[in-house]
Amino acid sequence: MISFFETLGVWLGALMTFAIFSFLYKDNPFYKVAEQIFVGLSAGYWFVYTIYNIVLPNLIIPLKTDFSANFLLIVPGILGIFMLMRIIPQTEWLSRFPMALMIGSSAGLGMLTYTKSDIIKQLTATMMNPFDGGDWIVILGQTLLILGTITGVIYFFFSARHKGFIGVLSRIGIYFLMVSFGGAFGYTAMARISLLIGRLQFLLGDWLGLIHP
Amino acid sequence: MKIKIPLLITFITGLIIIVSEFIPAQPFPKISTDLETWVMVIAGFAMLLGLLSLFKVNILKIKFKVPNWQYSIITLASCAIMIALGLLWGTDKQVGILGHGEGIQNVLGVKPFDYLFNNIYQHLAATMFALLAFFIASAAYRAFIGRTAESRLLLIAAIIVMLGRTSLGSWLTGFLPDGSFFHLPNLAGFIMKYPNTAGQRAIMIGSGLGVIGSSLRILLGIERMWLGGK
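Sequence lines, in order, name chains A and B. This note's numbering numbers the first residue of the first sequence as 1 and each following residue consecutively. This note's numbering numbers the first residue of the second sequence as 214 and each following residue consecutively.
The shape of chain B in the complex, shown without the other chains (with noise of 0.2 Å):
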């Protein structure tokens, strides 16, 4: 019962969504919006089970003091407060449980829940991410050594494509007519269109295939890792 079922389940749901695709009367396409609703309402408790795995973990870390635990308490007080603040007053769109808090508004500008993602959260972010330029930057330093020519073009096309978005790229060629096919903001684009799709398209077509035989996998049970490799 406990393979089985869950088996049996994926394979009707699974059936269900292709036919309807195939056969535009209902009750077929009923059936496939109700279960895509339904599949949004489960995706919706598997993010509170994230959180409520988060808790756990850093609970646990704190309850036996492992090394660092003290972070722990960061993460939890940022999320909590997070999370009360948005059920209490709101976000933009959206009525709290104590309604749109127009007193703190008139304080604090926004809702309380939007000044912590604006101020906070958006910064956060943003920083994550630029750091990233530097991790970029070095990594690329290792990557442009060249020595094979597959790693000479890999060299190359993300050069012309780098200096092709800058000004510099543009000065370095200003020489060259503007519509000059070699003028590196134009080599960049072409780059881009052609040989960037071409390579793109392969890898999109193998990776569809890939899903199909994998989806199809799931849907005859042949493929059971989801269940624990049972």
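Next up, chain A with everything else stripped away, as it sits in the complex (with noise of 0.2 Å):
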């Protein structure tokens, strides 16, 4: 049997659908409300979620278990405060070295990251045989994906001159973005219709029952 709070719930549900729905025919009181409640509960739920999986087990609790072993834990913890003191435009500048230690290692990090998986695994993904195995479409797709690659990194390249030999390669790097971005965005708005039609069938299972899985 279905409890009163199962109930409540898929209401809430539905109530909830409907007052985000309700701005496609215009800015209305029950969408604001719906968006700020949704904007309330993120906050909240983000905050939760970082008290319980990366303050306490990272900082509080190897703290409170064996200091003497992880007492170095101590200098991110003023750290931290020293960010909060960022509220206060009087000590706002003690923020700096916190965000310092985390602009560093994200530089740091982003470099080696960056020209591991963006860089030299994308340019070995490309040097291939195009000719190398399969049939006809295999091999128009590997060599459209060689040209691609090629032609779209020279449109970047801005230190020469779009002009002549270079300016068509990289309006034939134009042409691959295009089509790129022209999949990315059918691709996108399928995904979007199809949590679209996730939320039909909330609306007409869940809720009214009307139809059945």
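Read the hints as simulated data drawn from the structure, not as lab findings. None of the values given here were measured: they were computed from a predicted structure. Be aware that a few hints might be false.
As the list claims (entries may be wrong) - Non-contacting residues of chain B with respect to chain A, defined by C-beta distances greater than 12 Å in every case (computed):
1. A238
2. K278
3. S383
Unchecked claim - Computed footprint of chain A on chain B; a stretch qualifies when at least three of its residues, placed anywhere within it, have a C-beta under 8 Å from a C-beta of chain A:
4. 243-255
5. 261-273
6. 338-345
Ideal Cβ positions, reconstructed from N, Cα and C, are used throughout, including at glycine.
Two chains, two frames, a set of hints: combine them into the complex.
So this is what it looks like as structure tokens:
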């Protein structure tokens, strides 16, 4: 038997769904209320998630269980408090120290990971024999893949004027980028439509019980 | 001190992370791992800062009764309720200050935090993104006029990919044999696998080079926008 709170949950979900969809008519108080609830719940959710999954296991619990072995963790704790000082204009400058640590490590890590994943791996994957293995579709595809990658990179190369031969290659690069944007657009649109179908399934199935999976 | 020390910290931290990648001998890997933990903890505090900022902005809106200030009460209340429930009775796997709250769980079926998450937050998030389907459709109407060769290419690729992923696409080219290149699902797969990958790869290589350049500028202290441009 379905409990009262289960039914209430379904009704709350339906109410929120309608409140958000009411924006399709025009901006209205129902949408604004649902939007603010979404903002509030999101902030609350991520705060609780951060406390349980980051702050407690990486700072509080290690310090509490074995202080002498983890005393260095006081440093990020203090830097974290410095970060909070940003909210007060007089002590705002203190937040530069934790920011410096975060930006420095992000920049260092970014250099390494982007070099590996975005440059070396992508270049390695492109360095192939287009005529190797498969039927004419695979050969055509692999040739387009190599041509598209090279011309696309040339399009992003702004140290030379896009005129003459470079201009032609850059133009071909734009065409590949456009096909890529079109594909990405179609893919995104379909993902959103499947979410919309999911919402309709919820309303017609879970809420009204008109359809059954 | 307010400028030079942060710049020095940035340089040293970045250098340690880079060096530890090339020197696997201790103490570099340990320093690098510790630094990553430190950054994670500081990022946690940054999250708390964001929450404080949210409260500050909304409290000021209520205090000065700016237009639509009433909605700020809803934001603060929903945020406070979510935090209180999460901290008091914990989440799905975590124990809260008051334990697991078995009594409440028996009534609600799940923990109060998860009840709000499952029945309100998830529906709001899914509907917000589903709403974008309508705006994408209206944006597509404007973008798909196809005045230039580039926009026509975008249009054709998008239509093939969209049709290729629906039963309508299969039905439209149903007269072709299943393995045919021009069968819409196959054509959509081809576009996604080859020309789309080529474009994405070019963007990734370009952005990768950009990230390396800007990271180097940050580490060397040339780029100082994060210090307020000082």
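Status of the hints after comparison with the structure:
1. A238: Holds: least Cβ distance 17 Å, greater than 12 Å.
2. K278: holds, 16 Å
3. S383: Holds: least Cβ distance 14 Å, greater than 12 Å.
4. 243-255: Check passed, 9 qualifying residues.
5. 261-273: With 8 residues closer than 8 Å to chain A, the stretch 261-273 of chain B meets the three-residue bar; holds.
6. 338-345: Held - the stretch 338-345 of chain B has 8 residues with a Cβ nearer than 8 Å to chain A, which meets the minimum of three.
In the structure shown, no violation is registered for any of the earlier numbered hints.
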